[in-house]
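Following the hints, complete the assembly by docking chain B onto the known chain A.
The lines below spell out each chain.
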Amino acid sequence: MPIQVKVYRQRLGQETTSFRQIIVPIRFGRAVNGAPVRDAPDPDDRGFALGSEGIWRLTNVRGPVVGVPVGETIRLKVLREDIDATAPIFVTSSQERVVVTPITALGADGIFQVRVTGPVLVGAKIEARLGATDGPILGEMIVHVMGWTNVPVCCHLVKLNGTVMNDGGNPVPAKTGRTQSAVRTLFDNVNAIWLPMGIRFNIVEWKDTECRLSTTHGNITGAYQGLIGIDNSDQWWIQANELMHVNRRPHAINVYFVRGTYDADNGTFNTTRGIGTSVTAATDYGVVVADPGDGNDLAHELGHVLNLDFHGGGNIGHADDTSTSEHSRDNIWIRRRLMYSYNPYGSTGDGTPARRVNVGYGNYVRGSLITQKHLAGDPTDGEYAEARTHATSALP
Amino acid sequence: MKTRFGEKVHAKLFILGMLGLLLGAASGETDCLISTNAASVENNHAGAKTSASKRGHPMESSQIEAMILAKEWKVLDYIGALGESAIPMLSRLLENPDPQVRQLVVLCLEKVPGPKAADLLAKTINDPDEQVRAYAADILLVTPDPSILPAMLSAATRHEDPYIRAKAALFVGIMGDGNSLDLLRQALASEQNSNVQNGLQQAMARLGDPAARRAILEQLNSPDKKKQFEALEKIEYVNDRNLVKNISRLLDNSSPVMVLMASETARVVLRLKDAAAKVIAVLLKQPFTFKLPSYRVCTDAEIQEIKAYLQKQRLVD
Chain A
1 MPIQVKVYRQ RLGQETTSFR QIIVPIRFGR AVNGAPVRDA PDPDDRGFAL
51 GSEGIWRLTN VRGPVVGVPV GETIRLKVLR EDIDATAPIF VTSSQERVVV
101 TPITALGADG IFQVRVTGPV LVGAKIEARL GATDGPILGE MIVHVMGWTN
151 VPVCCHLVKL NGTVMNDGGN PVPAKTGRTQ SAVRTLFDNV NAIWLPMGIR
201 FNIVEWKDTE CRLSTTHGNI TGAYQGLIGI DNSDQWWIQA NELMHVNRRP
251 HAINVYFVRG TYDADNGTFN TTRGIGTSVT AATDYGVVVA DPGDGNDLAH
301 ELGHVLNLDF HGGGNIGHAD DTSTSEHSRD NIWIRRRLMY SYNPYGSTGD
351 GTPARRVNVG YGNYVRGSLI TQKHLAGDPT DGEYAEARTH ATSALP
Chain B
1 MKTRFGEKVH AKLFILGMLG LLLGAASGET DCLISTNAAS VENNHAGAKT
51 SASKRGHPME SSQIEAMILA KEWKVLDYIG ALGESAIPML SRLLENPDPQ
101 VRQLVVLCLE KVPGPKAADL LAKTINDPDE QVRAYAADIL LVTPDPSILP
151 AMLSAATRHE DPYIRAKAAL FVGIMGDGNS LDLLRQALAS EQNSNVQNGL
201 QQAMARLGDP AARRAILEQL NSPDKKKQFE ALEKIEYVND RNLVKNISRL
251 LDNSSPVMVL MASETARVVL RLKDAAAKVI AVLLKQPFTF KLPSYRVCTD
301 AEIQEIKAYL QKQRLVD
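Chains A and B are the protein sequences, given in the same order.
Mapping of the first sequence onto our numbering: position 111 corresponds to residue 111, and the numbering continues sequentially without gaps.
Mapping of the second sequence onto our numbering: position 70 corresponds to residue 70, and the numbering continues sequentially without gaps.
None of these hints come from the bench; they were simulated from the model.
None of the values given here were measured: they were computed from a predicted structure.
Reference listing, derived: stretches of chain B covered by chain A, where coverage requires no fewer than 3 residues with Cβ under 8 Å from a Cβ of chain A:
(1) 70–79
(2) 93–103
(3) 128–141
(4) 252–258
(5) 262–274
(6) 289–296
Ideal Cβ positions, reconstructed from N, Cα and C, are used throughout, including at glycine.
Bound conformation, chain B alone:
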């Protein structure tokens, strides 16, 4: 522990952890024993959350602040319990000169979502540190809040960092309206950066711009498998179940599009049909007997189930 205060924090965590151990054992979750420096808990590694703080033992704001200043990432397990009361403290910590502290504060803001957190994140996209402002833009997409739409519209068209412009455009696509669409069109006309152009195009497509949608669908028909894969990712962002019909034919395409995992001699290769299956599952809100929240190789049976479902729902091109 780096500070005396930190020792006190961890002493408390230890006690809470012991409580968690008892509760975990009582719940019969014995599949996997997981221990951390702060606490030992019994846990099912399929995802059950059993640490003490998550069972309703919030820490004080000052303790949380000390953990953030000590750059202890375990704070992310506890900050959520403070809710919006953490905002003033987090706002103060965003002035800290250490970018790694500000980086952690941005992640803490994700745990206390709402207009106040969004407002702080929107300000943080102007942080002098490239990574801190990138974190802020990424987290805003995870927990988008309509209250900061004007700020993000401005960022999409004027921010000097192209990464922020691209992410802000994606935000506007999620939260914007017809007025936003006009501004995005104007921005696209003058944008030189290809990544930002992509972001603007996707945002416009999500907001219903016919030309932007057409461009994505044309990319889906490209002979280049990599471009087809990129088009699938764009369609997932556009998030319109009507586009499933355009994707369904790819469920027969076994072309490799990307390696997901590798050892020296072996690899896991994602095929175009696996990518299509995942996007379909997301657009249709996971209606199958299995879940596909992220890319993985599907079994033949899973592909067949998706095809049968699409036939039944008349979602086949």
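Only chain A is shown next, with the shape it has when bound in the complex:
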């Protein structure tokens, strides 16, 4: 069978007499495009290096890392970059407990399954091989295996009493429009996003919480019916913070579902869809989510509770922050990350490359990648280790 492998050459060193060849015939990617799907996680394929955290770094693999909890089966896709469409590609696993199917050549869609049947210490090496299961290696990656961690969540369906505000001529209702059923569906989406971390948010309690907030500051002049007041002052957070003290369940993440947020500076609604506090703040950590918020928004705020990306230190709060400036990165890698600031992120102006408009989840939709790797030079990286540490321990 004739097989064509394109070889791209890149002059990397200063030597003129030698070339270093980088051959990328295939890549590993999500099995789906669009919204997150539970069994189709987003592999951390940022570069070939494995980073400084995770026991898999002790292997000699160069490639992506995907997390899979014990007992789960996921799908991944082999993307043909520089190889003939008809070249037979086989996928193999280095560990008996990590079972790869099919054992025959991949189909035209390039999709294969990975089933984890038991714990594996340093992860399983997955190899894509040419022509047979013992053929030349085209690409490799790591399946990082972990046990499940259940993070308890107390859901508050909140009714906020106060001054009636009109949004589009209609009074904003006092209570969130979400039902328990709707919230469960939302958490299904959240848990699909968090599956590669082995973290499962588990609703342990429901509370119907009714309250009239009393804190004021600047343009936040009082309680608003159904709404959390915010503004652009240094006290923008006071009403969200007050709500997070109400009717709490200790040892669980308290998630407050409210009708909306109200920007008291300019009279707009729901410009902020979610607010999250780090568990390291100890007594009043939690999440406030407005009704327009979706599963990605809630998953993002829960990431904040598990100290993402606050673990970068200084005033770093999101994946797009650096140690010297906020919101300074908006490349495709950053927009693909769950902890990117904006969702939807909108156009950055004429000439925005298409690849930055859609990072695989829909136009202008923030991605759901939570990083497994801890790559040098990015203080927001190593999200797996940070989130797992807080998720596994008993929350205050």
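Using the frame of chain A, we list chain B on its own:
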């Protein structure tokens, strides 16, 4: 409700809740109306506890057990009333094959503190589930009991899970003595895991080891703000008011050390001086006109009050 038994439980809770409603209304606590599936009560959201069980209507052990098996976290509001009589039942439930049940049992043990609960928790740090044993180690630090010191010393030096070793070391630092210090020193000499090394160092510092204290104070002088922040957290654990002098100079440092809360466009940033203020407040047992039990941004007036107090008490470096 998942079980018929659970329905009975909640029927009782409803009645008790109605009682709580009447009592709450009578007490004039009308700031915030809070209702749950089990009971409706009037409550002041500043922290007043007015649910029926907390007013002295204990549930039976069998009812509590049913709630735990149903993984109903409301059980945490009721279990405390059983006191140590709950221990045999909780001990039995720690054998349950469902890790989420055992996770809840560990939290129940926090509500019935004492040597028997501590003994069960000390055994649970060997649970096969990573999260259950982590919960046990964390709760032991919340309600430390001296009776299990030997078991925790052994865990600090020999447990195969580094998370448990680190937490056990912190426990030994709280409950240990000079003999413990020698064992911690030996453990530190052979420990490879950096998190456990940190735990051992803090425990030794708390027990008075000069080298360990010196290392923490050196970290407090690091040019890296993140390391300074970590040193503050260690000093809070060491819990020696004499160390306040070493911290006081940080009350003038406005460097950001960590974000506490964020929306898409705004954030709440903790400064080094806010972190220092909190640690000082904890070490001095909250002597100020305001409380700082956890991290938050302080006002200028609060920082000034702390400075004035330290001057007056001669606690300035």
